[in-house]
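Colleague: Sequence:
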Amino acid sequence: MEALLRRTAEAHGLVTAWEEARVPALRAVGRKWESADDRYVEVEHLLSWHVSTALRRTAVTAPGASARAAPVVLARLRGEQHTLPPEALAAGLVERGLPTRTFGAAVPAEALRAAVGRSGPTAAVLWSQSRRTADGVLARQVASTAFGPSGARTVPVVLLAGPGWSARSVTAGMRRPRGLREALDAISALHA
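So the sequence shown is numbered by the numbering used here: it starts at 295 and just counts up by one.
These are calculated hints, taken from the structure and not from any lab test. Note that the Cβ used here is the ideal one computed from N, Cα and C, for glycine as well. Misleading hints may appear alongside valid ones.
[Said to hold, decoys possible] DEER-style ranges, computed between Cβ atoms:
id	residue 1	residue 2	range
1	Gly467	Met295	18 to 28 Å
2	Arg434	Lys326	37 to 47 Å
3	Val337	Pro402	28 to 38 Å
4	Gly473	Arg350	18 to 28 Å
5	Ala483	Arg372	22 to 32 Å
6	Trp343	Gly467	31 to 41 Å
7	Pro443	Ser329	55 to 65 Å
Please model the entire structure based on the sequences and the hints provided.
Modeller: So this is what it looks like as structure tokens:
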């Protein structure tokens, strides 16, 4: 499985491999599991593990990020268990030479705001798989978190990533990318 995942990404690139092979395979396995009364759950977990491993391997072996570029903060919101889409974004950013600060599951709101205030990211990506985990109040707070000395302060662009966000969640200083390619392009444009 690892070799197949690696060959697919090498042949077609990370984004195409994600959008046209990995996501469809994960969805198919998920549908099989849902329709089989929890049978095949081990297949979904096995596939997820190997996809995660392949994404992290890409992030480690990609060319180094520019030391002068401001980082991109990637966070999964409180209660959020899904990891693969943010991992795909992190791998894609590293592949493009952009530094990331990726947080694990359910980073507390205060810790996220503090990290944004200390690191001065160009963008903060907030991942939410479901409406239950989307936190518009936190998104607005992150979007208004300033970095830098008085007179030269910056605030990050907040990307509301994942299907948990509604269109009405987007306010000033925020974007809602529809997929991996759109998120990578939007963040890359901020660093151009």
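Colleague: With respect to the beta-carbon atoms only, verify the hint that Gly473 and Arg350 lie 18 to 28 Å apart.
Modeller: Holds, since Gly473 and Arg350 (Cβ atoms, about 20 Å apart) stay within the stated range.
Colleague: Holds or violated: the 55 to 65 Å window for the beta-carbon distance between Pro443 and Ser329?
Modeller: At roughly 57 Å between Cβ atoms, Ser329 and Pro443 fall inside 55 to 65 Å, so the hint holds.
Colleague: Is 31 to 41 Å respected by the C-beta to C-beta distance linking Trp343 and Gly467?
Modeller: The hinted range 31 to 41 Å holds for Trp343 and Gly467, with Cβ atoms some 36 Å apart.
Colleague: Using the beta carbons of Val337 and Pro402, state whether their distance is inside 28 to 38 Å or not.
Modeller: Holds, at about 33 Å.
Colleague: Should the hint that Ala483 and Arg372 are 22 to 32 Å apart at their CB atoms be regarded as holding?
Modeller: Since the Cβ atoms of Ala483 and Arg372 sit about 29 Å apart, the hinted range of 22 to 32 Å holds.
Colleague: For the range 37 to 47 Å, tell me whether the beta carbons of Arg434 and Lys326 fit it or not.
Modeller: holds, 39 Å
Colleague: Please check whether Gly467 and Met295 have a Cβ separation lying inside 18 to 28 Å.
Modeller: violated, 41 Å
When each numbered hint is compared with the structure, a violation occurs for hint 1 only.
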